[in-house]
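Participant: Chain residues, written in single-letter form:
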Amino acid sequence: MTVINPMSSEAGTTLSPVRVFFDQVRTASEYVIIPLLALAVTCILFSGLLLILGQSPVDFFELLWRGGFGTPFSWQNTLTRSSPLILTALCVAIPAQLGLVIIGGEGALVLGGFMAAITALPFLGWAPPAVVLSVMAIAGVTTGAVWIGVVGALRYYRGINETISSLLMFYIAIAIMNFFVEGAFKDLANPNKPSTKSIGDANMIGKIPGMDVHWGFVVGIAVAVILWVLMNRTTFGFAARITGGNIRAAKAQGLPVGLLMISACAIAGGCAGLAGFFEVAAIQGKANASLAAGYGFTGILVAFLARQNALAAVPFAILLGGIAAAGGLIQRRMGLPDATVNVLTGLMFVVLLVSETLYGRIPLFKPRES
Amino acid sequence: MTDKTMPAVGLETVGMTKIFGSLVALEDASIRVAPGTMHALLGENGAGKSTLVKCIMGFYQPTRGKIIVDGVEEIVRNPRDAMKLKLGMVYQHFTLVPSLTAAENLVISRPDCPSIVNWTAELANLEAFLDRMPFKVPLRTPVSSLSAGEKQKLEILKQLYLDRRFLILDEPTSVLTPGEADEILGLLRDMTRAGELTILMITHKFREVNAYCDEVSVLRRGKYVGSGKVSDLTTDEMAHMMIGDTKLRERSARVEQGADRTVLELSALFASDDEGLPAIASVDLKVKAGEIVGIAGVSGNGQSELVEVLSGQRDLDDGRIFINGQPFEPTRQHMDKFKVFGLPEEPLKNATAPRLSVAENMAMRSFDKPPISQNGWWLSPRPMKAKARELIAQYRVKTPGPDTPIQNLSGGNVQRAVLARELSGDVEVLIVANPCFGLDFASVADIRAQIIEQRNSGAAVLLVSEDLDEILELSDRVAVMSEGHITYVSPIGETDRNTIGHAMAGGH
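As given, the protein sequences belong to chains A and B, one line each in that order.
For the first sequence, this note's numbering assigns the number 1 to the initial residue and increments by one for each residue that follows.
For the second sequence, this note's numbering assigns the number 371 to the initial residue and increments by one for each residue that follows.
Any given hint could be a false lead.
What the hints assert, rightly or not - One side of the interface only, derived from the structure: several residues of chain B facing chain A at Cβ under 7 Å: (1) 682; (2) 700; (3) 702; (4) 705; (5) 716; (6) 720; (7) 721; (8) 725; (9) 737.
Derived by calculation from the structure, the hints in this document are not laboratory data.
Note that beta-carbon positions come from the ideal geometry of N, C-alpha and C, so glycine has one too.
Chain A on its own, in the form it takes in the complex (with noise of 0.2 Å):
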């Protein structure tokens, strides 16, 4: 007689834990194997490109590595420039989790600069930088999440697409930007570039002690980090990931889908909008055009990268930050035009693209039957 016995396909838990450790390993490597391959792909396919044009892959690489990790002074130069991608690509990676597309972090980026240099005007010369740079930075995180809380909801309440509007939003943001710096904000003592008035020296945030890299990159760590933390071990997160998973059965619970999506598409802005702040408040000083210096546009390639999880985007935002350091020393060095880093990015993001059709398809890294 034969009885279905509801524990015997879950015989496998009783291997060895070694080896069921080993296997977990073996499953959860395909997360970063893939990714590598992909970069590896790409590499080949720019040395290609880079044969076509007469110019040693062996130098580029050699420079793009000195540029970018060589030398302490690269090193600074690159987690300068990954602290904003960190931020941005969550502006991405979080919506991502309830299934929605947010290309618009740069306009988010930009108004939350812009807000962020305004709102400190009034209290210039007169409050301590503790008080300026809070308000600042209040400023810029709720401006960027109105920002994109606003995408969230013309997705929910008109059915707007929302990588189409926020995309289109940030046009609008640089518009909003340029009109008040070129005109009711510009400050008149520096004509030749219209920037809003200079926070002044005293204001801005400092160093990291020992390095040339501001705070905004230890901020940015701690704000992926907690945002893991809120996407995997809150009901918030488990809540979103529902939504994200299948939105009928979401409904079905009684989940207030609606309020899910504005809160992470305003959680995500309001990441954008730090980048923004950090812009202001420890590189530029001022809100100018230079805000808009593509960091919101780099940050959708970390997320994808990074396959939308909050903490793996530190590593590939610095990876990306290293290669757009390595620009300039590259157009010096080879005499290659600055955005032939550009052109690697863009390759990287295409061929990673692609890689995400390989992901189930390795045995290698399917688990075993047991």
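Place chain B on chain A using the hints.
Facilitator: Just chain B now, with coordinates in the frame of chain A:
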């Protein structure tokens, strides 16, 4: 050996075995389908039916075993080889392009479809082809506006148009009304009798096997159990071959409920469909404690919109829902307060997040309450997994473990996992929609027993089903929905299949 005047193709598998890693999906299956017969392939979910037909069709390479087509041993390396041998398959779900017409669907399915189609000539050819066929479908109407029955006919016509003479049908009637099913199976049987065609049909429905099939082969847990002539076997014998000595869950007896307390009350509900057109209009219905009210109706008459409204997936245009006399909104707070649970149709699509794990899917109801979350916001994975292990054992969900993505489970096990999540607590109101769609024999009995159990313990159950037998078996009262209205309500003892059928067809 084969009468070559007969276009129908015969097929035999010898010792067909397929092993995936350490999993034996199919072992030593030898079935013989004589040309010009209708052969049923019976088995529970996971019995190896799909593996067998995928080996025949060249989607899988068998680990061992042979395929003999019309007496000649053949090697089927890929579906293209199967096509050359005139083997074809009709899948459970439609594979037609909805926006194209039937004629366009037929022409583009041809492997030799020309880049520039001469439609005048093709249409003339198609009409000549249809004249030779027992089925008719309108050639010039877009497939999206055909009924399910017509689509299924078109799927079969497509196979015949491509000159396939051995057809595998995977649960061909699961999307059809009983009338449509009888019509199609009857016509197919006539074609097999005429020697035009051979059919191997995967099914769970004994009624269809008894009424239409000549022979039957049975698989159980990957093993070939046996074959025989349908006329020599009783339904009980077939069921026994199919499920072996596995004990089914005892069927709960129906306990008479004395209570006369209305729990769920729908009052003048109005809602629109995805296109904004009225889908349900002034729906009034009461469900008492310990009562199952079955809503019958032809698919597409507002039943799915009604379920969506009740489960919070669709907004109401007007009307109120009351539970125990208090207004109910489908929010999480109200669902918890009034103990409202649901078993939707196609659970993978409606009730689960496919890529999340079994444990996470099972926790969807309870993740914000102790023990998984003590304070409402911090989530503890350990009690979540412990609870999942408990439910997996209690509801006999076959899964490699609680961390497996739920999409890797078979349909029956996904439904069991959802059942475990929705029914493991105290249930006051239960909304059920087509709970047994596409499930095997043992799962169906199991799930129906669970629904009855909930009724017996005092839950108000609203059952929406397109399977009239299911409604007749489970309901205490029947309501019929037609064109968005409830057109007929009657206690089960005072009605019969014909009356309900008449109401379903729009007779008031």
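Participant: Using the nearest Cβ pair, does residue 725 (chain B) come within less than 7 Å of chain A?
Facilitator: For residue 725 (chain B), the interface hint holds, since the closest Cβ of chain A sits about 6 Å away, which is under 7 Å.
Participant: Close enough to count: is the Cβ of residue 702 (chain B) nearer than 7 Å to one in chain A?
Facilitator: With a closest approach of 3 Å, the residue 702 (chain B) hint holds.
Participant: Can you verify the interface hint for residue 737 (chain B): is its Cβ closer than 7 Å to any Cβ in chain A?
Facilitator: 5 Å, holds
Participant: Report holds or violated for the interface hint on residue 700 (chain B), using the least CB-CB distance to chain A and a cut-off of 7 Å.
Facilitator: Hint on residue 700 (chain B): holds, closest Cβ of chain A at ~6 Å, below 7 Å.
Participant: Taking the closest Cβ pair, is residue 721 (chain B) under 7 Å from chain A?
Facilitator: 5 Å, holds
Participant: For the hint on residue 716 (chain B), does the least C-beta distance to chain A fall short of 7 Å?
Facilitator: 10 Å, violated
Participant: For the hint on residue 682 (chain B), does the least C-beta distance to chain A fall short of 7 Å?
Facilitator: With a closest approach of 5 Å, the residue 682 (chain B) hint holds.
Participant: Verify the interface restraint on residue 705 (chain B): the C-beta must sit less than 7 Å from at least one C-beta of chain A.
Facilitator: Hint holds; residue 705 (chain B) Cβ to chain A Cβ min 4 Å, cut 7 Å.
Participant: Would you check whether residue 720 (chain B) satisfies its interface hint, that is, whether its CB is within less than 7 Å of any CB in chain A?
Facilitator: Residue 720 (chain B) check passes; min Cβ-Cβ to chain A is 5 Å, inside 7 Å.
Figure legend: structure checked against the earlier numbered hints; the only hint not met is number 5.
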